[in-house]
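Number of protein chains: 2
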Amino acid sequence: MIKAAVFGYGNIGKAAIEAINAAPDFELAGVVSSSLEKGALGKIPVVRDVDELSDVQIVILCIPSRNVPDIAEKILLKGISTVDCFDIHSETYNLFTRLDAAAKKGNSRCATSIGFDPGIDSAIRALFEAAAPKGLTYTNFGPGMSMGHSVAVRKIPGVKDAMSVTIPVGAGVHRRMVYVVLEDGADFNKVTAQIKSDPYFVNDETHVIQVSNLDMLIDRGHSVSIQRKGVSGSAQNQRFTFEMSIDNPAMTAQMMVSAARAVLRQAPGAYTMLHLPPIDLLYGTEEELIRRLV
Amino acid sequence: MIKAAVFGYGNIGKAAIEAINAAPDFELAGVVSSSLEKGALGKIPVVRDVDELSDVQIVILCIPSRNVPDIAEKILLKGISTVDCFDIHSETYNLFTRLDAAAKKGNSRCATSIGFDPGIDSAIRALFEAAAPKGLTYTNFGPGMSMGHSVAVRKIPGVKDAMSVTIPVGAGVHRRMVYVVLEDGADFNKVTAQIKSDPYFVNDETHVIQVSNLDMLIDRGHSVSIQRKGVSGSAQNQRFTFEMSIDNPAMTAQMMVSAARAVLRQAPGAYTMLHLPPIDLLYGTEEELIRRLV
Numbered sequence: 004m005i006k007a008a009v010f011g012y013g014n015i016g017k018a019a020i021e022a023i024n025a026a027p028d029f030e031l032a033g034v035v036s037s038s039l040e041k042g043a044l045g046k047i048p049v050v051r052d053v054d055e056l057s058d059v060q061i062v063i064l065c066i067p068s069r070n071v072p073d074i075a076e077k078i079l080l081k082g083i084s085t086v087d088c089f090d091i092h093s094e095t096y097n098l099f100t101r102l103d104a105a106a107k108k109g110n111s112r113c114a115t116s117i118g119f120d121p122g123i124d125s126a127i128r129a130l131f132e133a134a135a136p137k138g139l140t141y142t143n144f145g146p147g148m149s150m151g152h153s154v155a156v157r158k159i160p161g162v163k164d165a166m167s168v169t170i171p172v173g174a175g176v177h178r179r180m181v182y183v184v185l186e187d188g189a190d191f192n193k194v195t196a197q198i199k200s201d202p203y204f205v206n207d208e209t210h211v212i213q214v215s216n217l218d219m220l221i222d223r224g225h226s227v228s229i230q231r232k233g234v235s236g237s238a239q240n241q242r243f244t245f246e247m248s249i250d251n252p253a254m255t256a257q258m259m260v261s262a263a264r265a266v267l268r269q270a271p272g273a274y275t276m277l278h279l280p281p282i283d284l285l286y287g288t289e290e291e292l293i294r295r296l297v
Numbered sequence: 004m005i006k007a008a009v010f011g012y013g014n015i016g017k018a019a020i021e022a023i024n025a026a027p028d029f030e031l032a033g034v035v036s037s038s039l040e041k042g043a044l045g046k047i048p049v050v051r052d053v054d055e056l057s058d059v060q061i062v063i064l065c066i067p068s069r070n071v072p073d074i075a076e077k078i079l080l081k082g083i084s085t086v087d088c089f090d091i092h093s094e095t096y097n098l099f100t101r102l103d104a105a106a107k108k109g110n111s112r113c114a115t116s117i118g119f120d121p122g123i124d125s126a127i128r129a130l131f132e133a134a135a136p137k138g139l140t141y142t143n144f145g146p147g148m149s150m151g152h153s154v155a156v157r158k159i160p161g162v163k164d165a166m167s168v169t170i171p172v173g174a175g176v177h178r179r180m181v182y183v184v185l186e187d188g189a190d191f192n193k194v195t196a197q198i199k200s201d202p203y204f205v206n207d208e209t210h211v212i213q214v215s216n217l218d219m220l221i222d223r224g225h226s227v228s229i230q231r232k233g234v235s236g237s238a239q240n241q242r243f244t245f246e247m248s249i250d251n252p253a254m255t256a257q258m259m260v261s262a263a264r265a266v267l268r269q270a271p272g273a274y275t276m277l278h279l280p281p282i283d284l285l286y287g288t289e290e291e292l293i294r295r296l297v
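Same order as they appear, the protein sequences are chains Z and E.
Each number in the numbering used here comes from the position in the first sequence (counting from 1) with 3 added on.
Each number in the numbering used here comes from the position in the second sequence (counting from 1) with 3 added on.
Hints were generated in silico from the structure; no laboratory data involved.
Just so we're clear, the structure is a prediction, and the values are computed from it rather than from any experiment.
Among these hints, one or two may not hold up.
The list treats identical chains as one, so a pair stands whether inside a single copy or across any two.
Mimicking DMTMM-like on lysine to aspartate or glutamate, the simulated pairs with C-alpha atoms at most 20 Å apart in a straight line are [stated by the list, open to error]:
| no. | residue 1 | residue 2 |
| --- | --- | --- |
| 1 | Lys232 | Glu246 |
| 2 | Lys6 | Asp58 |
| 3 | Lys158 | Asp190 |
| 4 | Lys232 | Glu21 |
| 5 | Lys137 | Glu30 |
| 6 | Lys163 | Asp201 |
| 7 | Lys137 | Glu290 |
| 8 | Lys77 | Glu94 |
| 9 | Lys199 | Glu186 |
| 10 | Lys163 | Asp187 |
| 11 | Lys17 | Asp28 |
| 12 | Lys137 | Asp28 |
| 13 | Lys137 | Glu291 |
| 14 | Lys137 | Glu21 |
| 15 | Lys17 | Asp222 |
| 16 | Lys137 | Glu289 |
| 17 | Lys107 | Glu289 |
| 18 | Lys107 | Glu290 |
| 19 | Lys158 | Asp187 |
With the hints as extra help, turn the sequences into a complete structure.
Structure, rendered in structure tokens:
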């Protein structure tokens, strides 16, 4: 049994607990949370720090992307493996090299940038290029709530609550619809300007809409359509499409648990979804998986 | 540069030459063919046996599935790596273990059951299960010509030429439409009975249609739709779809060339598409690939 801890108790953390409970080869060692009360999860230990749990092999980091680099590095250096769902695309390579160094130093394993996108989408894009090396791939998100974008808006001063919905415009272009509940006295125009200049939003057409309550708008469903049209050898017009329509935190957490299984089978170091052999993501014997899936 | 030979000069062999020529890191060492004339490909050496070529690292086997086990094993034992597109699903595991043993003995590498299905479809099915471990996956082929099925029919006595078209019926069920040109004096009913009892056809509704000429019917295009509806953690109704519409021999050959690149980066042994890390399939530096695809 793989002894795993869940770090963070938001949407993804809660879903990670469900995914661990559903996996036949995992055991939940505990939940690391700074806000959750000690007895809140019954028999499941709630702790403030990973060190308070014993025999943890891997920590599923269900925390905002911006907190991942420091927290993951610290855990990896202790000799405990990690999985994260870091999702700032422009920074994934730097994080990969940093965590690769930490994991090799700590003799631990790290699955980084795992989940939806980066995550399953990354592996799909790689397979599409392997089948047709020349051509264009478009990743079209939505309609659906983007967790990374929503968390980024909630960190902006004056924002009480927020939800960012991604609308696909086509050919990989998106519009962002940001629904915000403001703190009393916050300046809507100032908040809007800050959102639009945030790295998560600066490249997309972004609309900010003030609402008094978010509860009636929230649906954690999300979708993607990845399309490639390319060339295999000299054959033109080869077409590939991947579509997914999911409860986003549930899929992200599930993929992190699958990647936890896979990364523990690798040599010390860091791995993205591009590096993990698909068979290692799955529970079962090699024979059973080859007979069923190949 | 990877020095690769192409073994076989049918539809897939011709496409493999195109894929090798289009790859920046491959060099075509020659073509192994028992029927092609020595000078038929200009400057490209045409030989009868792999031994006649020097410095070949990997042989792309573009031969009927039933010839793969013996030929691949022989080459692997010589210390030369192979890629095959063996496509008899019920026998892939036994072939994998046999070629794994040969490759380890010969200190070579083997990518087996690579191409369309088994192939890219195998990796997709594994990723879908990683994202939603419980549920059902349906692989729906066509409409399109199945190469493996067509080759199997052409081997039946009395058949001059044949094409097997796969029609998706839904939920992974298929109908086979087999168009045959018979040898003079062949018995249509006898041929039909043999086709219907062949392992390639015995499980599917199969219709055999006699035609006088196949030329006007042949289109190498093929399609697939893989659909999974499953559960991530405790979230139901997670939906995943992969669709592909391709020139089939061109995609198969391209995937074999990509797998050749990948397998040469692994330890000696056999690898299916489930075993190969997606990043290894692609040309480029790790940094460039992570920045572009993760």
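Hints and how they fare:
1. Lys232 / Glu246: Both, since 15 Å and 12 Å are each at most 20 Å.
2. Lys6 / Asp58: within (7 Å within a copy, 48 Å between copies)
3. Lys158 / Asp190: within (15 Å within a copy, 78 Å between copies)
4. Lys232 / Glu21: between (37 Å within a copy, 18 Å between copies)
5. Lys137 / Glu30: Result: close only across copies, 18 Å inter versus 44 Å intra.
6. Lys163 / Asp201: Answer is within; shortest intra-copy Cα gap is 17 Å, inter-copy 67 Å.
7. Lys137 / Glu290: Between. Shortest inter-copy distance 19 Å satisfies the 20 Å Cα cut-off; intra-copy 35 Å does not.
8. Lys77 / Glu94: within (18 Å within a copy, 47 Å between copies)
9. Lys199 / Glu186: Answer is within; shortest intra-copy Cα gap is 18 Å, inter-copy 72 Å.
10. Lys163 / Asp187: Classified as within; 9 Å inside a copy, 83 Å across copies.
11. Lys17 / Asp28: Within one copy only: 19 Å inside, 46 Å across.
12. Lys137 / Asp28: For Lys137 and Asp28, only the inter-copy Cα distance (14 Å) is at most 20 Å; the intra-copy one is 40 Å.
13. Lys137 / Glu291: between (35 Å within a copy, 16 Å between copies)
14. Lys137 / Glu21: between (40 Å within a copy, 13 Å between copies)
15. Lys17 / Asp222: Within one copy, since 16 Å is at most 20 Å while 51 Å is not.
16. Lys137 / Glu289: between (33 Å within a copy, 18 Å between copies)
17. Lys107 / Glu289: Between copies only: 17 Å across, 27 Å inside.
18. Lys107 / Glu290: between (31 Å within a copy, 18 Å between copies)
19. Lys158 / Asp187: within (16 Å within a copy, 80 Å between copies)
When the structure is compared with the earlier hints, no violation turns up for any of them.
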